[in-house]
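If you're matching them up, the sequences are chains A and B in order.
With my numbering applied, the first sequence corresponds to residues 1 to 163, in that order.
With my numbering applied, the second sequence corresponds to residues 1 to 196, in that order.
Just so you know, these hints were derived from the structure itself, not from any lab.
Certain hints may be false.
Unchecked claim - To give an idea of the interface, some chain B residues facing chain A are shown, with a C-beta separation under 8 Å as derived from the structure: (1) SER2; (2) ALA87; (3) ARG125.
A virtual CB, placed ideally from N, CA and C, is assigned to each residue, including glycine.
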Amino acid sequence: MVDTQLVMYDEDYRKILGVLQRLARDANAKGIFLVDKNGQLVAETGEMRGIDSTSLASLTAGSVAATGGLAKIIGEEEFPIHFHQGQRDNLHITLVGGRVILVVVFDERSSLGLVRLRVKKAGAELAHVFEEMQKRAERAQASGAASPFAEITDDDIDNLFSE
Amino acid sequence: MSFINYSSREINCKIVYYGPGLCGKTTNLQFIYSKTNPELKGKMISLATETERTLFFDFLPLALGEIRGFKTRFHLYTVPGQVFYDASRKLILKGVDGVVFVADSQIERMEANLESADNLRINLREQGYELEKIPYVVQYNKRDLPNAAPLQEMRRLLNPLQVSEFEASANVGKGVFETLKAVAKGVLTDLKKLGR
Numbered sequence: 001m002v003d004t005q006l007v008m009y010d011e012d013y014r015k016i017l018g019v020l021q022r023l024a025r026d027a028n029a030k031g032i033f034l035v036d037k038n039g040q041l042v043a044e045t046g047e048m049r050g051i052d053s054t055s056l057a058s059l060t061a062g063s064v065a066a067t068g069g070l071a072k073i074i075g076e077e078e079f080p081i082h083f084h085q086g087q088r089d090n091l092h093i094t095l096v097g098g099r100v101i102l103v104v105v106f107d108e109r110s111s112l113g114l115v116r117l118r119v120k121k122a123g124a125e126l127a128h129v130f131e132e133m134q135k136r137a138e139r140a141q142a143s144g145a146a147s148p149f150a151e152i153t154d155d156d157i158d159n160l161f162s163e
Numbered sequence: 001m002s003f004i005n006y007s008s009r010e011i012n013c014k015i016v017y018y019g020p021g022l023c024g025k026t027t028n029l030q031f032i033y034s035k036t037n038p039e040l041k042g043k044m045i046s047l048a049t050e051t052e053r054t055l056f057f058d059f060l061p062l063a064l065g066e067i068r069g070f071k072t073r074f075h076l077y078t079v080p081g082q083v084f085y086d087a088s089r090k091l092i093l094k095g096v097d098g099v100v101f102v103a104d105s106q107i108e109r110m111e112a113n114l115e116s117a118d119n120l121r122i123n124l125r126e127q128g129y130e131l132e133k134i135p136y137v138v139q140y141n142k143r144d145l146p147n148a149a150p151l152q153e154m155r156r157l158l159n160p161l162q163v164s165e166f167e168a169s170a171n172v173g174k175g176v177f178e179t180l181k182a183v184a185k186g187v188l189t190d191l192k193k194l195g196r
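Build out the structure end to end from the sequences listed, making use of the hints.
Following this line, the structure appears as structure tokens:
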């Protein structure tokens, strides 16, 4: 099944960021990243400024996709939680609402138990936000609303490539 | 599936380079990477074996400029071409917005080209896409080699849909940007219609 297009408005972004910032505080996390299943970064917060979050997003999506493939081979639908333990930093990865991936980076200031507990609550809140976004997208589609980019002209597109 | 972010005013799209093993998908991305201004590109990631064969995918994020106040960002991916990596190929196609089929012009690779083109159609269908309905372009790579098959023949076998096609020698960059532009244009044109 092909998903509907993901459209995020400013108010969605603010809600999402609010949840992520609270999670970062509550879980004592170093960094939080929210990634679309297709590998696009949706939002990030925490003290890990300057890291290559575009690559992080793409690799997270690839890793979750590969593990999902593994799950199907052994007869599972999906592995909704992944945990990678490093020497200093650890990664906790959760699927949210089947659509986005929540990545929490944490070190010895936190613990797996705490992260897991806080992620559960934040995950449910995020799933709700994305459900709303999805419903709105479906309504827009059903009502035949014009694409926000319907007014793009061929000239606009050509101009992108005129160097 | 493209991601429109009103908050950061960005459009993000995913383009996948498909084709048989050693046809030059990674070489296309490497050339694009080498010729793009540093501020317009992110890091190129290659998940490859020790012998530089693509194991999972290559990834190159690219910014193409602004359209009506929105930054356009393209995420370029390649699939592993070797036949036995089919499970991985399917995963890369998830959420794709446009496809480039890179064909190897060498006459002895024609069967591999055909097999890969069939495989693309099957794998897309599994993800709920029809090749006829997504932005799709064909690149005939390695045109500079002495054993390249006649163009007419390749066209007949590999481009029955008669989509835009380009002759290329990706190792020296010939045809690489023309191909990218054509598929990116197709993706943006598609954005005009919301919900395929």
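If you take the shortest Cβ to Cβ gap from SER2(B) to chain A, is it below 8 Å? 6 Å, holds
Per the CB criterion, is ARG125(B) less than 8 Å away from chain A? Since the shortest Cβ distance to chain A is 11 Å, the answer is violated.
When the nearest CB of chain A is found for ALA87(B), is that gap smaller than 8 Å? 6 Å, holds
Checked against the numbered hints listed earlier, the structure breaks hint 3 alone; every other hint is satisfied.
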